[in-house]
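**Q** Spelled out from the first residue to the last, the chains are:
Protein chains: 2
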Amino acid sequence: MKNLLIGQSGGPTAVINSSLAGAVSCGLNSSHFEKVFGTVNGVEGILKENFISMDKFRDEKLLNLLKQTPSSYLGSCRKKLPTLDENEQIYEEIFSIFEKHNIGTFAYIGGNDSMDTVLKLSKYAKEKNIDIKIAGIPKTIDNDLVLTDHTPGYGSAAKFIANSVKQLSMDSRVYDLKSVLVVEIMGRNAGWLTAAAALSNTENERFADIIALPETPFLPDSLISETEKILKEKNTVIIALSEGIKDKNGMYMGESINSLRAGQDSFNHAILGGVGRTVESLISASLGVKTRTVELSTLQRSASFAASSCDVEEAFRAGFFGVTFATEGKTGFMAGFKRISDQPYSMEIVPFDIEKVANFEKKMPAEMINGFDVTEKFINYAKPLIFGEPDISYTNGIIDFVIR
Amino acid sequence: MKNLLIGQSGGPTAVINSSLAGAVSCGLNSSHFEKVFGTVNGVEGILKENFISMDKFRDEKLLNLLKQTPSSYLGSCRKKLPTLDENEQIYEEIFSIFEKHNIGTFAYIGGNDSMDTVLKLSKYAKEKNIDIKIAGIPKTIDNDLVLTDHTPGYGSAAKFIANSVKQLSMDSRVYDLKSVLVVEIMGRNAGWLTAAAALSNTENERFADIIALPETPFLPDSLISETEKILKEKNTVIIALSEGIKDKNGMYMGESINSLRAGQDSFNHAILGGVGRTVESLISASLGVKTRTVELSTLQRSASFAASSCDVEEAFRAGFFGVTFATEGKTGFMAGFKRISDQPYSMEIVPFDIEKVANFEKKMPAEMINGFDVTEKFINYAKPLIFGEPDISYTNGIIDFVIR
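First to last, the protein sequences are chains A and B.
For our numbering, count along the first sequence from 1 and bump the result up by 128.
For our numbering, count along the second sequence from 1 and bump the result up by 128.
Because the hints were derived from the structure by calculation, they are not lab data.
It should be emphasised that the depicted structure is a prediction, and the values quoted were computed from it without experimental measurement.
Please note that a few of the clues may not be correct.
Identical copies carry no separate label here, and so any pair may be met within one copy or between two of them.
[As the list claims (entries may be wrong)] Taking lysine-lysine and the DSS-like style, the derived pairs with C-alpha atoms no more than 25 Å apart in a straight line are: (1) 130 <-> 458; (2) 251 <-> 490; (3) 484 <-> 466; (4) 491 <-> 466.
Between the sequences and the hints, there should be enough to build the whole structure, so can you do that?
**A** Next comes the structure, spelled out in structure tokens:
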């Protein structure tokens, strides 16, 4: 019997460990594997043979704790493998280490770069006729992987964003004066996360007044005039602003506006603060209203206390089925999601050919965007993904995590 | 029978509406009052006679929703009343409006400025022999009101901060490289909120490595060398940084460091970004490690989804007893907390003389601080205040609020 090796890579999410729990759970309970190992810091850990046993997760309480622990339990890396042509040696090295540790399946949980690793390793194994299955398990808050309906991690981040915008809007509207709040949201190229702010809106009440997405370049002036228009109807305008908004020339707005400015302070650092503060100063200068910026920061990808049950469970299933598919003989795939229906929401896990996934990027389609707003199509798509609140375990008011 | 008027003032908290719910609940169920009104935007609403009926909160479901709604349901204001000498007319105006609306008790929920209003109105009523009871109900995340053991709003903010720091620390430690995360926390003069980051620490694991408080002025160099020291032992250092940290001259560190810099950009604005980013750039320049700043922002005072049950319930009781004391004939007081014991935690609500509360500020005492850390005394004090997770109601993954 062979062993299972699992790794995590790329930026953390609130549920990447739930996928790890799913993969571990399948591995420990399958007659297919003798032992289940984790590689510390992804591919870097393979090269250093830094493997740890996952045996302690036979304890169901620990396994459940792993499901609610944000960020990568096994640690992460940002290593992108060279191509075979560039460096065949590294592939020989990796597979000899696999052989040495009797690895039969390597499951890699990660985003686009990690799927590229899955692609490269599985191609090498096929070419060299090595019987080691390489499985990809998707993970990214950005929701920018193709083929899969959505990615594990997106639902929890979307939920945190929508509820944060709602709470920040409540906070902003208390005084009897005009004000603007810019909420800067992650997503350098795709607007999925920023669009999620709209999930807080109802028919009677908008919390996210303006949704500014990287998919629709615009002039700063149009944002200012839209803000001004809404300020005539209500006291407080909330702008959900993607960090990746671009101007009409396709230039990142932050860079575009900052290039008009000094650009560097006297210590020779670039001016601090992201596009949110840049837009804040534009609006405050143009409209003369109190303007404030909130960057939702890395809490977007680590806020377990605001996670979506749907996301936590789906992430677990992606991990579980990713390993299951490998035991069925599949390799070179990503265990992605295929939506069966919106209402009632139903989804199945399928293995997508990794060649069709790796190195592509999924942006929001035009039919989900309507100027500074999203369409009903987006709402119907995203709404089920934030369903349900997991039963989080706390000790003395502090959320419980399992730490390596 | 007279009427009860309730107002809210100052910056919002996650539980100021729980105090409103308590005050309303007492008012609606007391034989003492005919009607219960809210004044919109605090004292400003009195002058405009902008009163609304609170009758809809006889519906228990709505009352419970009010308890979990962050920010001031009635709106807020920042108005500080002039002294009687400066402007007697405004007092005459307020009390004639009270008389016109048959107000027998005015309960004001707020922080220091609001307690000043309670002081001034109650003094005026006593001097003029007007039988209107003026009750103060404390509210502030800053925990800086004197006499009361702590303030409603502090526990939830402290809990959000401690859990955010723990989650951000998990997020920061995934890569195999040295890094520093600066978490900027509210509290311009008192370090209570920043100190709360330490509640995430356990005997085996520190999440908040350095606690930098406004009560202990320090040189930037000492922060850098402390960071450097810890970086030798572990990969990631988390600095819980008060927005109000001061240098040895008592100058706010942000201003002190920024005054060394250009100070103004080419648009003639002050350089954007708070003290966190200033410290970030210092550390990154001095130690050459990856450094990032997270500002916890106004989510600190509005994150209902991470509130403390202890705080929500105590806030309710403060509101309830604030009005109760008035029905017993008391006036010119603040309904504050008196701690009976730490373990098991027990607390009672008592009316403190408003003259001894208003316009004083409670900082952290020296015995709760130990350099860049807090002492056990602080932990024992703050620990019970973050206990318990309220059963929050959500619809389709979005937290439910009641909106005026």
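**Q** It remains to establish, for every hint, whether it holds in the given structure.
**A** To see whether the hints hold, each was checked on the structure:
1. 130 <-> 458: Close inside one copy (15 Å), not across copies (78 Å); limit 25 Å.
2. 251 <-> 490: within (23 Å within a copy, 66 Å between copies)
3. 484 <-> 466: Intra 15 Å, inter 65 Å, cutoff 25 Å: intra-copy only.
4. 491 <-> 466: within (17 Å within a copy, 56 Å between copies)
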